[in-house]
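Colleague: The residues making up each chain are set out below.
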Amino acid sequence: MRKRATKPAAGTVLTVVTVLSAVSLAACSSSSDEQEGPAQAPVNQAQIDEALNTPTTLTFWTWVPNIEDEVALFEAKYPSIDVKVENVGQGLAQYQKLRTALKSGEGAPDLVQVEFQYIPSFTITKSLLDLTPYGAGDLKANYPEWIWNQVAPSGGVYGLPQDSGPMGNLYRADILKEAGITEAPQTWEQYAADARTVRDKTDSYISNLASNEPAAMVGLLWQAGAQPFGFDGEKTVTIDVNSDAAKQVYAYWQDLIAQDLVSTDPDFTDSWYQGFSRDKYAGWLTAAWAPVFLQGTVKDTAGKWKAAPLPQWSSGEPVAGNWGGSSDAVLATSKNPIAAYELAEFLNTDPESTRMLNEQQNLFPVQTAQLEDSAFTEAKSDFFGGQPVNELFSQIAPTVNTDFQWLPFMDYAYSRFNETIGDAMTNKGDLGAAADLWQSDLEKYAQQQGFEVN
Amino acid sequence: MTRRRSTLLTVLLWLVALYFVLPLAWLALSSTKDNSDLFTSFGFWFGDRFSLADNLRAVFEFRDGQYLRWTLNTAIYAFAGATGASLLATMAGYAFAKYRFPGDKLYFSVILGAIMIPLTALALPTYLIFNAANLTNTMWAIIVPSLVSPFGVYLMRVYAADSVPDALIEAARIDGAGELRIFAQIGLRLLGPGIVTVFLFTLVATWNNYFLPLIMLNSSDLYPLTVGLAQQQAASAAGGGSEALFSTVITGSFVSVVPLVIAFVFLQRYWQSGLGAGSVKG
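Line by line, the protein sequences are chains A and B. No gaps in the numbering here: position 72 of the first sequence is 72 in UniProt numbering, and each next residue is one more. No gaps in the numbering here: position 106 of the second sequence is 106 in UniProt numbering, and each next residue is one more.
No lab work stands behind these hints: they were computed from the structure. Just so you know, not all the hints are guaranteed correct.
[To be verified] If you only want the chain B side, here are some residues facing chain A, beta carbon under 10 Å, derived:
id : residue
1  : Thr10
2  : Asn134
3  : Thr136
4  : Leu214
5  : Ser236
6  : Glu243
Bear in mind the structure is a predicted one, so any value in this text is a computation, not a measurement. From the three backbone atoms N, C-alpha and C, an ideal C-beta is built for every residue, glycine too.
Based on the sequences and whatever the hints tell you, model everything.
Modeller: This is how it looks when you write it as structure tokens:
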């Protein structure tokens, strides 16, 4: 799942819950001692059986629509367990509620959906249970390396991967054809040349890079091999959002934006949806969840789309970035950690459940076996003119750069992105200078919060 | 009396009317469109397809009729809140208007000051108090804060001062009626239109309240329409696992304002007499 930083109500909630959660973040380094007991012994089968046969009510916070269907499979298998699924909001809205509940000491769920980039925000407060003793360690081999690294950022395993968003290039074959382009660009250089052609010969932009979408830009940084963020799980953060690798990406887009070859409209807004419907955008550099998303929102353009890998910086092995993706994590406060873990494992590894998550909820799979399953890869998409889009994205999935980390305060980092780089994109300004500002802001903030900046 | 028309005023009033009617018109027209028409057709006319029936079905069938549950919640919150608030405000306003007691001016100033504080600013302290009392994520968390209406107290004080003659109260006292009986049998009756006005105000305020339920409630079975619809709307932008519910959300919003519009049409005369009484006699 991807993160929405800008929602109508999110701003107001932010104010209140920042107050509530400021304490927990600031207190992160001091409150760690109380909950750290001796390393826990692995849970054995007898304990698991006992937990699953004791009448228990689990609460599960998630914004995956109709996940009740998959949960029902679990409940049918383990009739003693009753799962209450609650959608308390999506992304930031949910995390704020979660922090409030953790802070107030009650009302927190047993299992919670957490996006990859927010896992460190909760491990730092020791809010997530290390799932290794519950059997999560054995699952490592089932996933592409980069996905596992996302849920196991600093030693422990803090969630089971649920969905991911390896990035590709979705484009309108009909508009590009009108401009005389028949092949998707292989390199970024070619992409820039095509952008010029599309702009000259049609009324469209080759794509829209939303100025309010840090996750998209970060995905492109990810592809370029930049390591903007890092966190050792304790006190030290690495902030490098203005590295040379990153600045290469900014300079590239600054150039295209300055020449009016790409638009920078805010995404998931009325005018953005209209931009797709009215052929303003001839493409979208986006994630594996987007093909299905587009089918739901711009039905009228069905059959005109094609999908390709992202353009590359250098010849050689293709590389991709990732945008979106989430996990299910067990909270340290859960009174039923074994049952909660079993629910997470069932939902995200059971063949029936994961198949349904992909086919009904349109989540892009995370397990290697599922990515390689021919039933999945061979599915042809009418929206993409019969192209087997899943196959393309399953080929992209293992090419995502492996070592990408996050800060324990991504909400702050992303909101500052909008005010620095996002602003520069909107105003056709200097993205490199904006990145320097973003960098110094983040360093200052990290120090204020008591982190050591590496 | 000659009828004089001011062109300027007429134009101005038309503009104001347009300002209020246009969003509603947009909402009504948009509720007849499906997702693709929403983004391709002109906002103030119908789309290619007339999908009102489909949209309505989608609204009421979404997640086993969750919308009905939210409507019921909203109605419970709004009516419980408005009934309680108008009763409390009437009692307080009557007392301020008709009794002199030590500190009455001070208390009333405090209430006047409270009108200036928006409910949103009080949401956080309210949350902390309710959390301490274990009342968050219950219906009480919405109803109890809605019972307090400083503006209602102010309105009822002004209204009671004018519409309950002191002489009548004196007469009742001489006849041997207790204060409570005077309030219940004389005050309440004379204050009728004012009570309805306060009732309407608080009803609308609670019906439209978004922020308080947003922070108080964690369980979708307790959500009112405002929070529920906002959540549906957010689901469109979830990326992986997103649902494009635009037409459902818009139609749901349209349906959610219909009861208020009906209430206003039927209770209009109370509105007018309530507002009018204060202005003429005051």
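Colleague: None of the hints should be skipped; say for each whether it holds.
Modeller: Evaluated hints:
no.	hint	result
1	Thr10	violated, 33 Å
2	Asn134	holds, 8 Å
3	Thr136	holds, 7 Å
4	Leu214	holds, 7 Å
5	Ser236	holds, 7 Å
6	Glu243	holds, 5 Å
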